[in-house]
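Asks: According to numbering that gives the first Met the number 0, the sequence shown is numbered sequentially starting from 0.
Among the hints, erroneous ones may be present.
[To be verified] Taking lysine-lysine and the DSBU-like style, the derived pairs with C-alpha atoms no more than 30 Å apart in a straight line are: (1) K283 / K102; (2) K95 / K260; (3) K95 / K127; (4) K5 / K196; (5) K95 / K37; (6) K196 / K69; (7) K37 / K66; (8) K127 / K260; (9) K66 / K102; (10) K279 / K263; (11) K5 / K54.
Hints were generated in silico from the structure; no laboratory data involved.
All values reported here derive from a predicted model rather than from experimental measurement.
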Amino acid sequence: MDQTFKVDFIGIGASKAGTTWLGHMIGDHPQCCMSEPKEVHFFNDRLAFRSNLLKPNYSKGLSWYRKYFKHCAPDTVKGEITPRYFTDPVVPERIKAHNPDVKIFVCIRNPVDRIYSHYFFAKSFLQKEDRPMLQAVQEEPEYLDMSKYYENISMYLEHFPREQFFFVWFDDIRHRPDTLLSEVYSFLGVDPSYRPKGMVEKSNPARQSRIPWLQNAIRRLHYFMVSIGLSGLIKSLKKAGMKDLVMAINSKPIKKEPMPKEVKEYIIQQVSDDLHHLEKLLDKDLSHWLITE
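Let the hints inform the model, and build the full structure from the sequences given.
Replies: Structure follows, in C-alpha cells:
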C-alpha cells in the first residue's frame with residue numbers, strides 16, 4: 000500500500016449549502032480531480048440518521064480510500080467533499096494525521112434555508128422523513144447540528160490554521176459565481192480563469208423520488224463498482240449523461256410547502272448564539288438571518 004497518497008483538499012460541509020455545486024465546479028476543472036463519488040465517508044464514524052447503506056470506513060485504511068481516486072491523473076489536485084465530516088468530532092484529528100496541509104472548504108447557508116432544504120431532501124427524495132417539520136427539527140439533532148457553523152468550524156480550528164480554510168457562502172454561489180470560482184481555483188492553486196459549464200445552473204434541486212428502492216439499488220451498484228476499481232468508468236458514464244438520464248426517469252420536481260412560522264422561530268432561537276459567534280469569527284454581518292418575519 001502506498002502510504003504517500005494524500006488528498007489535497009477536503010470539503011467538510013455543510014449539507015444542502017452548496018457542496019454539490021462546489022464539487023461539480025472543482026471536478027470540471029482540468030487541473031483538478033474529485034473523488035468518485037463526491038462523498039467518500041472515510042474519516043467519519045457518525046452517519047446520517049437516514050442512512051441505510053453507509054458504514055464507518057476509517058478502519059479499512061488508506062488502500063480503501065485511494066480506490067475513490069483511482070481515475071485521477073497523478074498531477075491533478077485531488078479531493079473529496081463529505082458533509083458528514085462537519086459535525087463528527089473524530090474527523091479533524093484523522094484528517095490532520097492524513098495531511099496536515101490539506102485545504103478545507105466549508106459551505107455556509109442561512110440556517111433556516113439550509114434546514115428547510117435538508118428536511119425536504121430527506122422527506123421527498125430519500126423518503127426517510129415522515130414527521131412534521133417542527134417535530135423533526137426538535138427530535139432529530141442532525142438538522143440543527145449541521146447549522147451550528149461556529150461550533151463545528153471551531154472544532155477544526157483546533158487542528159488547522161485559519162489560512163487553510165475557504166468559506167463558500169451560498170449567497171455568493173447565487174449572486175457572484177464567476178468571482179467566487181476565481182477565488183476557489185486560486186485557493187487550490189489552479190488556473191483561476193477557467194470557467195466550467197453549468198456555473199450558473201442550480202445543482203441538486205429539490206426533487207421527489209419516483210421509485211425509492213431503485214435509487215438505493217443504484218447507490219449500491221455505484222459503491223460496488225468503486226470497490227472493484229471502476230471509478231473511472233463511473234466518471235465516464237456521468238460525463239456521457241447517464242446520471243442525468245437516471246435522475247430524470249426516477250425523480251420529479253416537487254413543490255415545497257411554506258415553512259411554518261413557528262419552525263423558523265424555533266430554528267433561529269436555537270442557532271442565534273452560534274451565529275453571533277460566527278459573525279465575529281468571520282467578520283461578517285449575518286443579522287438578516289435572524290429576522291423571523
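Asks: Take the hints in turn and mark each one as holding or not.
Replies: Now the hints, each set against the structure:
no., hint, verdict
1, K283 / K102, "holds (22 Å)"
2, K95 / K260, "violated (41 Å)"
3, K95 / K127, "violated (33 Å)"
4, K5 / K196, "holds (28 Å)"
5, K95 / K37, "holds (20 Å)"
6, K196 / K69, "holds (24 Å)"
7, K37 / K66, "holds (13 Å)"
8, K127 / K260, "holds (24 Å)"
9, K66 / K102, "holds (21 Å)"
10, K279 / K263, "holds (23 Å)"
11, K5 / K54, "holds (22 Å)"
Hint check: violations occur at hints 2 and 3; the rest are consistent with the structure.
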